[in-house]
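Going line by line, the protein sequences match chains H and X.
The first sequence maps to residues 2 to 260 in my numbering.
The second sequence maps to residues 1124 to 1450 in my numbering.
Source of the hints: derived by calculation from the structure; they are not laboratory data.
Where is the CB? At the ideal position from N, CA and C, for every residue including glycine.
Don't take each hint at face value.
Stated by the list, open to error - In silico lysine-lysine, DSBU-like type, Cα no more than 30 Å apart, as pairs:
#1 Lys1354/X to Lys251/H
#2 Lys93/H to Lys1160/X
#3 Lys106/H to Lys1274/X
#4 Lys27/H to Lys251/H
#5 Lys1352/X to Lys251/H
#6 Lys1280/X to Lys27/H
#7 Lys1321/X to Lys93/H
#8 Lys1197/X to Lys20/H
#9 Lys13/H to Lys106/H
#10 Lys1276/X to Lys93/H
#11 Lys1160/X to Lys251/H
#12 Lys1197/X to Lys27/H
#13 Lys1251/X to Lys36/H
#14 Lys1255/X to Lys256/H
#15 Lys20/H to Lys1394/X
#16 Lys31/H to Lys1160/X
#17 Lys1354/X to Lys20/H
#18 Lys31/H to Lys1354/X
#19 Lys1394/X to Lys93/H
As the list claims (entries may be wrong) - Computed Cβ-Cβ distance ranges for the label pairs, DEER-style:
#20 Glu1226/X to Gly224/H: 32 to 38 Å
#21 Asn14/H to Gly1448/X: 55 to 61 Å
#22 Ala91/H to His1335/X: 21 to 27 Å
#23 Asn1200/X to Gly224/H: 24 to 30 Å
#24 Arg259/H to Gly1448/X: 26 to 32 Å
Claimed, not checked - If you want the ones that stay clear, here's a sample from chain H, every Cβ over 12 Å from chain X, calculated:
#25 Ile48
#26 Thr55
#27 Phe223
#28 Phe232
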Amino acid sequence: METITIENSKWKNFTIQLKRSYAVSKKDMKIYYNKAPVLIQGILFPIILFFAFTIGRQVAPVYMVSGLMAMVAFLISTLMSPVTLPWETAQKTLERLITSPISIKTILLGNVWSSLIYGAAFSLIPLIIGLILVPSWISITLPLIILGCIVAGFMFSSFSLILSAPPSDTVSTSMILTLIIKFPLIIISPLFMPISSPFYLISPLTYFIDIVNFGLTGLSVFGPYGVLLDFGILFVLGFGFLFLAFALHKKTLEKRFRG
Amino acid sequence: MSVINVEHLSKEFILSKRMRRKNNRDSFHTKRISNVKAVDNISFSIEQGEIFGFLGPNGAGKTTTIRMLTGVLKPTNGDIFIFGQNFWENHIAIKQRIGNIPEMANIYMDLSGFQNLDFIGEIYGLSKQIRKQRALELLKLFDLFEKRDLKAKAYSKGMKQRLLLSMALISEPEILFLDEPISGLDVQSSRIIKELIKDYNRKGTTIFLTTHDMDVANELCDRIAIIDKGKIIGLDTPNNIRKIVQDYQALDCQFEGTPKIDELESLNAVKHVEQFNNNYHVVVENINDGICQLIDFINLNGLKIKNLSTYQPHLEDAFLKLIEGGS
């Protein structure tokens, strides 16, 4: 008989919970992401939105690629996380998970992995198309762009967890909240906002776009060390949102099981 | 040896309600806050290898109690000790050793039966090989093997409940919490589940079972606690609880001919009579006098007995008496 014991060591417990969060993310990917309507929505929606705002405007190919990558990463990373917990509450599967030897943090981290993987992977599609069309972009900075996709995917996923914190079991409520918050962040990003306006600094998309632009052209709007600032801000925001989500969900979790 | 010790456990919910209040000039909203005590200072302990039944009417506090014991709700007051450890100080380690089927729980409809088991096995930290081996064993045991690759949304209610039970068993738990496991199931599925509960209990698994089905409690449980309005109002073996109503004696009769109820009730030994179609439930002071006087009454009125049996008080009678006493 195989018996599993939870160790007293904090580090060992952390690695066990990390491993189990991966199990949660695999389940999320099978149930929520690997579905044609979800993927079509995740890919088509940013493309349509992007071209609706760029057609007829003079936009350099580099900015088209970085803008599209940011749009895909942001919209896919924030697509399912806000609705996963309300959905699981409504489907009565969350209580089963909570009574398992995992914490709410593990479940949330599982949500982050799945949306990060999809957000980062799909954001590379515009880059791959760009590299096919403009082979001169292939340079040693490509790993930097891939790292940027991962860090941005993490930040966007952590941000989207906050949107599922209200203890609702109605998916539409979370979706409305998500739309109200997500789209203004796209509108104030450099995709649509002139660089002369300081509002674009508020949007987290700005820093990912800057990383891609730096990777493709070697130039950052924040100066020679701007890319470090971009990564720093994305990391700080990512962990900040993650810990905020942990605290909010811990506070609202019980309310999901009343009645 | 006690594996579960519950001491002075209480759970209070704070409910806030927005009310619309009007005054002469305009209307405004005000927030009314009220506290609801779902569980009120309960204490009990459960021995290793026991099947412990937790009975009560709807809204009595059964599910709130099981949710506190399994880590879903945090108690407002009191302590829970499982395997001698304070549950809320070591809940992850303790949950590793327990299995649970929440009342309203569901399986993942978009995963197959095998994938549901594999997922739960993985979050309990079982290796891939062990997960596969146990999942296939359980699918065979629960008669789900043939449909293991079918998405769970295609399963019947009984199959879903059997899959839920197998998900609770994949980690080979030492304690199994079952919240209304047989509620709403067909006869075949409920028989399979009852047999498996007995079987796992024989192998040493301690079982905490909530139900409002007296027959299930009577058949399965070593001891039962009866909860009403958040308080435990009775805790003993089913036989001892039944003794609460041992003074309740009655005869169930069917006659050829129609006796008048007021005439039957005028007999000295008869307390009162209830009629359901052709059946007469005659509550008597004592069985001997009741039968003798009934036979005299039948002969005197030219009736004939079609059926006569003594009524054994059920656990349900004791349950109702306790609940009525409590209220």
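We went through each hint and held it up to the structure:
{"no.": "1", "hint": "Lys1354/X to Lys251/H", "verdict": "holds (28 Å)"}
{"no.": "2", "hint": "Lys93/H to Lys1160/X", "verdict": "holds (24 Å)"}
{"no.": "3", "hint": "Lys106/H to Lys1274/X", "verdict": "holds (28 Å)"}
{"no.": "4", "hint": "Lys27/H to Lys251/H", "verdict": "holds (23 Å)"}
{"no.": "5", "hint": "Lys1352/X to Lys251/H", "verdict": "holds (28 Å)"}
{"no.": "6", "hint": "Lys1280/X to Lys27/H", "verdict": "holds (26 Å)"}
{"no.": "7", "hint": "Lys1321/X to Lys93/H", "verdict": "holds (27 Å)"}
{"no.": "8", "hint": "Lys1197/X to Lys20/H", "verdict": "holds (26 Å)"}
{"no.": "9", "hint": "Lys13/H to Lys106/H", "verdict": "holds (16 Å)"}
{"no.": "10", "hint": "Lys1276/X to Lys93/H", "verdict": "holds (14 Å)"}
{"no.": "11", "hint": "Lys1160/X to Lys251/H", "verdict": "holds (22 Å)"}
{"no.": "12", "hint": "Lys1197/X to Lys27/H", "verdict": "holds (29 Å)"}
{"no.": "13", "hint": "Lys1251/X to Lys36/H", "verdict": "holds (25 Å)"}
{"no.": "14", "hint": "Lys1255/X to Lys256/H", "verdict": "violated (36 Å)"}
{"no.": "15", "hint": "Lys20/H to Lys1394/X", "verdict": "violated (68 Å)"}
{"no.": "16", "hint": "Lys31/H to Lys1160/X", "verdict": "violated (40 Å)"}
{"no.": "17", "hint": "Lys1354/X to Lys20/H", "verdict": "violated (41 Å)"}
{"no.": "18", "hint": "Lys31/H to Lys1354/X", "verdict": "violated (44 Å)"}
{"no.": "19", "hint": "Lys1394/X to Lys93/H", "verdict": "violated (49 Å)"}
{"no.": "20", "hint": "Glu1226/X to Gly224/H: 32 to 38 Å", "verdict": "violated (60 Å)"}
{"no.": "21", "hint": "Asn14/H to Gly1448/X: 55 to 61 Å", "verdict": "violated (48 Å)"}
{"no.": "22", "hint": "Ala91/H to His1335/X: 21 to 27 Å", "verdict": "holds (25 Å)"}
{"no.": "23", "hint": "Asn1200/X to Gly224/H: 24 to 30 Å", "verdict": "violated (58 Å)"}
{"no.": "24", "hint": "Arg259/H to Gly1448/X: 26 to 32 Å", "verdict": "holds (29 Å)"}
{"no.": "25", "hint": "Ile48", "verdict": "holds (27 Å)"}
{"no.": "26", "hint": "Thr55", "verdict": "holds (37 Å)"}
{"no.": "27", "hint": "Phe223", "verdict": "holds (42 Å)"}
{"no.": "28", "hint": "Phe232", "verdict": "holds (33 Å)"}
Violated hints for the displayed structure, listed by number in ascending order: 14, 15, 16, 17, 18, 19, 20, 21, 23.
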